[in-house]
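There are 2 protein chains.
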Amino acid sequence: MAGVLLTDLYELTMLQAYFAQRMNGTAVFECFVRKLPRERNFLVAAGLEQVVEYLAGLSFSSEELDWLRQSGRFRPDFVDSLAGLTFTGDVDAMPEGTIFFADEPILRITAPLREAQLVESRILNLLHYETLIASKAVRSVLAAPDALLVDFGLRRAHGAEAGLLSARASYLAGFAGTATVEAGRRFGIPIYGTMAHSYIQAHGDEAAAFEHFAQTQPENAVLLIDTYDTERAAHKVVALAAKLAGQGIAIKGVRIDSGDLGEHAQRVRAILDAAGLTALTIFASGNLDEHRVEELVASRAPIDGFGIGTRMNTSADAPFLDCAYKLEEYEGRPRRKRSEGKATWPGRKQVYRHYDGTGRATRDVLALADDLVPGTPLLRPVLRGGRPLDPRPALAAARERVRTELARLPDGLRSLREPAEYAVDVAPSVRTLAARLDAQQ
Amino acid sequence: MAGVLLTDLYELTMLQAYFAQRMNGTAVFECFVRKLPRERNFLVAAGLEQVVEYLAGLSFSSEELDWLRQSGRFRPDFVDSLAGLTFTGDVDAMPEGTIFFADEPILRITAPLREAQLVESRILNLLHYETLIASKAVRSVLAAPDALLVDFGLRRAHGAEAGLLSARASYLAGFAGTATVEAGRRFGIPIYGTMAHSYIQAHGDEAAAFEHFAQTQPENAVLLIDTYDTERAAHKVVALAAKLAGQGIAIKGVRIDSGDLGEHAQRVRAILDAAGLTALTIFASGNLDEHRVEELVASRAPIDGFGIGTRMNTSADAPFLDCAYKLEEYEGRPRRKRSEGKATWPGRKQVYRHYDGTGRATRDVLALADDLVPGTPLLRPVLRGGRPLDPRPALAAARERVRTELARLPDGLRSLREPAEYAVDVAPSVRTLAARLDAQQ
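In the order they appear, the protein sequences are chains A and B. The opening position of the first sequence corresponds to residue 2 in this note's numbering, with each subsequent residue numbered one higher. The opening position of the second sequence corresponds to residue 2 in this note's numbering, with each subsequent residue numbered one higher.
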């Protein structure tokens, strides 16, 4: 979707300086989130598959090299040096769907300095967005674990890739599917769709619109009933269902997109049930987020599925994560950034998770990768020498991992409103190293 | 960047129903924003160039058609009918850079129903995001009209296209440029870059890092001075400047990325000025938005430029607009959606802007396109019969339009915090039409 020039200019100016100085030793960079947003007790790692694709395909095309030459910003010998550049390094990362917390590296790059630096912008761009959305979408899954949740948000997602990747990330988090057709084609995600108000309006007559639609979608007709008057439309659906039954067509469901969704659902359910249409489902949409879904579920609104759009696809309450990609080691020597409010834990690190006897996670330990400490290591080898170790892990496996990890979370962390702390202990080895580096500078 | 399947499934199911019913009369759809976010007194239209490119290139590839056939969701004769589909309709729109308000159509599509319906999702996806970002970025331009503003936000923009289009939209709104290289290549936007903390850290010695960088970027060195201690680093810059002066190299500036930016800038300015380095500029970055920029400008912090990232690229305080694409007329008959809280003004509309004797905008009138009313019409012909009327308007022209329109705004509307109302009057013809349609249903 984007080439190697989808990067910040400073990556290239730094590369030029490294080239001039012949600096290209082994660097270790780690990605992590400094602080969780207010309403996030945990995050869900996502986007690794796209990062692996990006790294595996990393190269400069001749058009890109020509443009760099013509820009007048770079020395010709430096641009020439980019011609053969590929990613030859190692990647260790938490598998997609892993639940993680602040300060924990979710991805570690070990590579020649220039390669590791060049890829910073796009790696963050991919990991940040999918993690942001998986971490938002999973909250709707917690709010309505038994409902059909569908991503409806392409139109207000931030551009094409956001539309596609939010479909992927929300499916990974437990959504049933998406309305975005291309996401279905590209990622194999189930796709869902009904009709728009314009369909009803173009017909003029609502009942005629319903009938035409049901006849062309005999196995999959979900009728949108709120264009004019929701309950009157429900009665039209009842009349139509009786008429179509003779033709062997069963309407699948109705969708309500405005007004008080809970009250309309109650009244529509009563109208449908009174006519014996108990199998006909009610699908709700319109400005939904996890809080509204939780309220509707708590009020026992008879809603079978939710279309969740804008607020999920933009993570509207927290539209970004405070993530970073930081140099932790160069040529075997640990490094530490000490900028005010942005200091990092130095060295090549690993996260170890501990569980109690029932399988619940109890705490994580942030240690050095070489430490001998107990617990399950969360970062696993992904690339070695630029090559993927395993066949691409399936999206389905990541989705299953989320399901499993949610079940192993301490109960308090699943609350949508109540903040709950999970212990992430920083190992003495990491603290000692930080103190030693501070003393050196 | 994305094909015709970047659309919602319901567009295709509706198209199939229209195909089965042989419905394909002329439809008129309009895009508008229902309600402005709390801290927006006006919006800036953007994204039209991408919409025109999309419409001009609209077609189904054989791979896309094959996928639709294999999906089992569509009738073969319907999929066949898509093979020759292109966009043959008309587009009228506000030129990019036009300032607009709630309920005002910014784009009107007049086309055969199926074409006009199919393009809904992607048109909104493009117009929504660029308008969102131009309307956010322009606030930083209002806060610091004399400073160098640079888009720094690729890494936390929502995917690749958001990175590229936010660079474009913020430049349109008045930013000087972007750090995103590909946006420079694709849109001809000036690009800016300095160095990352990792550059300093990889060297170990900060002064050596500065010197190496300045020697490889002799005309363009901006040194990042907050990795360890900002003021100590400023003294190192002073020493280096004296040393490099002998080699004919002048350091261009310094960047501060953490801590109290205003206080650090004061202290660094004093250090530089005391050494006679008055031409060396100070650039600030780190969690900036228009409010923080306004505070820094108000406090007379000696900052020459700002790198503004995440909060601009995600429009963090208001990450979406309540926009819609609604059928207003079909086969010559006006249409109105009446869903609760989402009712629309019916008919094919135009927006007329009025100005006072000094050239300041005073009010807009939302009228029917055929009304004879005074004022300057804001929607202008863009496509006729699927063909662009003019050569693609330059991004530079849109940027100039923003500048001009800002100057013509009533003063109160330029405030970042104080809400100010601008009068948008709904013409009697529109109200009468709405009442007539309501009576009919």
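Hints are computed from structural coordinates only; laboratory data are not their basis. Among these hints, one or two may not hold up.
For chains that are exact copies, the list does not tell them apart, and a pair is met inside one copy or across any two.
The list that follows gives simulated cross-link-like pairs (lysine to aspartate or glutamate, EDC-like), each with its CA atoms no further than 20 Å apart [to be verified]: (1) 237 with 439; (2) 253 with 296; (3) 244 with 296; (4) 36 with 274; (5) 36 with 318; (6) 237 with 371; (7) 244 with 65; (8) 343 with 439; (9) 343 with 147; (10) 244 with 50; (11) 237 with 341; (12) 343 with 261; (13) 343 with 264; (14) 253 with 64; (15) 36 with 65; (16) 343 with 232; (17) 343 with 230; (18) 343 with 323; (19) 237 with 40.
### Message
Of the numbered hints stated earlier in the document, which are not met by this structure?
### Response
2, 3, 4, 6, 7, 9, 10, 14, 15 and 19
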